[in-house]
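Asker: The chain contents come next:
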Amino acid sequence: MQNSKNWETIIGLEVHAQIVSKSKLFSGASTDFGSEPNTQVSLVDAAMPGMLPVINKYCVEQVIKTGLGLNAQINKRSVFDRKNYFYPDLPQGYQISQFTQPIVGKGSIEIDLKDGSSKEICITRLHLEQDAGKSVHDLEPNKSYIDLNRSGIALMEIVSEPDIRSAEEAQEYVKKLRSILRYIGTCDGNMEEGSLRCDVNISVRKKGEELGTRCEIKNVNSIKSIGQAIDYEFKRQIEIINSGGRIDQETRLFDEKKGETRSMRSKEEAHDYRYFPDPDLPPLDINDDWTNEIKKNLPELPDVKKAKLINQHKISSYDASILVSDKNNAEFFDKIVDGNKKRNPKNIVNWIIGDLFSLLNKNNLKIKNSPVKAEDLGELIDLIEDSTISRKIAKNVFEEMFKTKKKAKDIIEKKGLKQITNTDEIESIIEKTLANNKDKVEQYKSGKEKLFGYFVGQVMQETKGTANPGIVNEILKKKLAN
Amino acid sequence: MHIDKKIVKKIATLSRIKIEENEVERFSNELSKIISWVEKLNEVDTKDIIPITNPSDIKIPYRKDEINDGKIKDKILKNAPEKKAGYFIVPKVVE
Amino acid sequence: MTDLKNINLEKCLELLKGKKISSKELVSFYLKEAELNKKLNAYISLNSENAIKSAEESDKRIAKNQARPLEGVPLAIKDLFCTKDILTTAASKMLKNFKPTYESTVTKKLWDAGAILLGKTNLDEFAMGSSNETSFFGASINPWSKDNKQYVPGGSSGGSASAVSGNIAIAATGTDTGGSIRQPASYCGIVGLKPTYGRCSRWGIVSFASSLDQAGPMTKTVNDSALMLDVMAGYDKKDSTSADLEKTNFYKNLKNSKKLKIGIPKQYKNDQLSKEIVKFWELGIEFFKKNNCEIVEIDLSHTEYALATYYIISSAEASSNLARYDGIRYGLRKNSEDINDLYEQTRSNGFGDEVKRRIMIGTYVLSAGYYDAYYSKAQKVRSKIINDFNQAFKKVDVIFTPTAPSDAFEQGSKIDDPIQMYLNDVFTVPVSLAGLPAISVPIGLSSNNLPLGFQIIGKRFDEDSVLSAAKIIEENANFKKEMN
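Protein chains in written order, with this note's numbering: chain A, 232 to 713; chain B, 918 to 1012; chain C, 788 to 1271.
Think of the hints as simulated: they come from the structure by calculation, not from any bench.
Some hints here could point you the wrong way.
To be verified - Just so you have them, the derived chain C footprint on chain A, three or more residues with Cβ under 8 Å:
| # | stretch |
| --- | --- |
| 1 | 272-279 |
| 2 | 284-298 |
| 3 | 484-495 |
Stated by the list, open to error - Per the computed footprint, the stretches of chain C lying under chain A, defined by three or more beta-carbons under 8 Å from a beta-carbon of chain A, are:
| # | stretch |
| --- | --- |
| 4 | 885-898 |
| 5 | 1150-1160 |
To be verified - One side of the interface only, derived from the structure: several residues of chain C facing chain A at Cβ under 8 Å:
| # | residue |
| --- | --- |
| 6 | Ser-998 |
| 7 | Thr-1028 |
| 8 | Asp-1031 |
| 9 | Glu-1104 |
| 10 | Arg-1111 |
| 11 | Arg-1116 |
| 12 | Ile-1126 |
| 13 | Tyr-1130 |
| 14 | Pro-1192 |
Here a beta-carbon is modelled for each residue, glycine too, at the ideal position from N, C-alpha and C.
The shape of chain A in the complex, shown without the other chains (with noise of 0.2 Å):
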């Protein structure tokens, strides 16, 4: 749709992620989601008068590692400045952010698309700002409640270049970088709870043209509202134009239930917010050592993680980004290979994007909170290589481990679900089914081939399914033969 009739939509994205820290950026107060409203905003927060700002060290940290994990150059001195406009959310009648001089400068990530393909989006910068409080419209008709708990919350706005061209780049780009944000925890990026919020600017132009006037869609709160927001935006912009209308250059508002983005109520007045320098805090200095020492202790990110994973196990891209999309995945995997070094790295992949996930999924659960331990499923699969169990038996096994928590050995020994190998066993076992089913034989060797699966059938269920089928086939041939 996107690539169609040779238009083509530029995109940009503003994600406001905030930091995961224990008090605010400029003050004491606490930064935990839910409470009571205003119970966790202090003097400085309520904008009283004779107030100041003071600097959390830890969210400065926080940005730096942000920073760092998205490639981007960390400047070694920026500026606090002044964005001034009235809200009654925003107690200051300022929001302290940063303008002309960010913390951080220009970095990229890089994107899997469906198709296989990847791509570099780039980002421009990245500054450090303050939240603003919570209005509350539908508890009362005529007013609107403030809450500030939110308010002074330290924020960390990222903007991309606008390399994005489909809903699903955008889509992908919010993903990685809100894979990237869990990686290094600095960012919980739960859309939800509003911890990660976007605002989309969309253009469309036709290919080869110069660029059209773009529209700013806020209010995207998931990943599936950015794909529709994108794609309904596109086809708003291409029929006024295709009509002969121009595109308001406007701040629009998405609109979940109907999947639709519209023109905001209020009077559109110039936002002229008169940055300015903020006269109540010094620059900020962030110098070689320090960003050192944070690059140091920094965890080791998706793609070079992502990498890794290909390169030393040969798993397939496709299957390495699941891993990569949540720490907790990766390490789970790393656990399990690094618990015995014969294990087939693909297979435990396959052991846990298809068999763990699945009853994951099942079940409401995340992986931190696996009944099924790493060590465990480790175990497991170590069973099958060495034959004690049939991978068949095996996903039962599985099942029995999910729900009880028992492990493999226990399971196996209490249900006698061990896998026969014995050749003699076997033979016996295949000799009393053939003996058992003599016109069927006769059937089989008279042309009906398919006989073979009921024989190999009766064999299985005689040894409750653990016999080896390796084994079975190979004794139930030369049995059949003669």
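With chain A fixed as given, assemble chains B and C onto it according to the hints.
Answerer: Only chains B and C this time, still in chain A's reference frame:
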């Protein structure tokens, strides 16, 4: 530089100060005079000069990431002209 | 009988310690004097009830020999300092009923040192003004007024100056952004000190212009000034612009006289200066020469641009600092069904004309298209002004100038012409832009029998030299008040 009535009204809106029609002219005159007066700064050669925001060279002081504030809802709401159920109340704001 | 009326801080502490007077006597006396002199309109509110109680407690401590540095002394506090549970109005209708739930750092230090709140003094609204005529609570009067003429006490700390000069306060605090301590001190014939920017904490002081505001003492003598500053000064981790320095010893250090190099800026000597001011300037120079100080001519070549620079920067910062007065969390509120109308009604109603003017100028100079021409330009000129001082201080220890271009003017004579009003700050403003310490000390009376003060400017954090030099002027001028 003359601050005409249109600019006065725009500035008044930006600062959320209501200027009555009969006051606009007065403010226009006063503000114009003041702005003309400060324009003498154009006489100063400031090429290559870095602007100064604060006369001190104090390094930004850092705060430890600990929760040592907040939980003072009563103090926060004490002076509020209109409050209910722990919230500040304002006329309905349309988004 | 001890004359409690013409007493200064130092003497007061001596008498209290020597148990010659009690704090209760002192406080009661001053509360009464304040009541008797309501015509000065120096106080917005008096702390009648609590002050007596605190005095009694101070007397107990003194009796047990547990006196703290300022034990039992009543002080007048400019109504810009937030005092816990006590009305803090900034002389504005906007905050006319505001009682903070917190105490400013500077006043807390004073109370922790045993001082007692006598009352909150009058000022220009939100500290914007040079005459105390813009106060919502009416103008304050210069105690030197006579012949049925009302003279201004100066501003913005007019109330504090009037109270100390009028002997209805022993000492007071003020704040200085462009001269708001020094100029009223000059007009009222008292000592007013603006410390180095960062010396005193700004936490809990209603903010006007963040890069310029400083709290400071307003007293009868230089010794008193040093005494008070020792208590008021100090690092505050709640203020990111607060300087982290060693504990001060200004009072003790005054005992050691210093041999100083005195700078006289040639640009301040212009033809517009009155003969009277020139005469006193030369007199002051003689005083210094008598004390073996070397006189050096210095260059502060960007002086003429300081006022414009100041008005752009201070208005810009004020326009942003006063945005929080919106009727939602505290202060005046004019209700409406529309939020923007609520803001507009509240702010138009709550702010006086001068405050509105400055907010609008500030908004204008920061707005799109004008930022570079005005605000950014002003910050660059500021840099040049700071550099002028840095160069000058390579040659001298302190700089000696008039505090104001004239003595106090009559009430109502300049209020209709904002620029005429702004010109009062011509000598004080450059110092504020550079964040330097400066004091105004009375040198004599004008031909109109009104006080004239002169200013001594020092290097950053060198209040010691400033106080030392001020002492020389004080001792030689032997300024005696001749009140009717």
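Asker: So is the stretch 1150-1160 of chain C in contact with chain A by the C-beta rule, three or more residues under 8 Å, or is the coverage claim wrong?
Answerer: holds (count 5)
Asker: Please verify that hint: Ser-998/C, Cβ, nearest Cβ of chain A, below 8 Å or not.
Answerer: This hint holds: Ser-998/C lies near chain A, its Cβ roughly 4 Å from the closest one there, short of 8 Å.
Asker: Three or more residues of the stretch 272-279 of chain A near chain C by CB distance under 8 Å?
Answerer: Since 4 is at least three, the answer is holds.
Asker: Given Pro-1192/C as an interface hint, is its Cβ closer than 8 Å to any Cβ of chain A?
Answerer: Result: violated, 28 Å to nearest chain A Cβ.
Asker: Was the hint right that Arg-1111/C lines chain A, CB cutoff 8 Å?
Answerer: holds (4 Å)
Asker: Less than 8 Å between beta-carbons is the criterion; does Glu-1104/C satisfy it with respect to chain A?
Answerer: Since the shortest Cβ distance to chain A is 6 Å, the answer is holds.
Asker: With a cut-off of 8 Å between beta carbons, are at least three residues of the stretch 284-298 of chain A near chain C?
Answerer: Holds, because 3 residues of the stretch 284-298 of chain A bring their Cβ atoms closer than 8 Å to Cβ atoms of chain C.
Asker: Interface hint check: Thr-1028/C, Cβ to nearest Cβ on chain A, cutoff 8 Å. Holds or violated?
Answerer: holds (6 Å)
Asker: Close enough to count: is the Cβ of Tyr-1130/C nearer than 8 Å to one in chain A?
Answerer: holds (6 Å)
Asker: A closest beta-carbon separation below 8 Å is what the hint needs, so does Asp-1031/C meet it against chain A?
Answerer: Cβ of Asp-1031/C sits 12 Å from chain A, so the hint is violated.
Asker: Close enough to count: is the Cβ of Arg-1116/C nearer than 8 Å to one in chain A?
Answerer: holds (6 Å)
Asker: Taking the least C-beta to C-beta distance, is Ile-1126/C closer than 8 Å to chain A?
Answerer: holds (6 Å)
Violated hints, in rising order: 3, 8, 14; the structure is consistent with all others.
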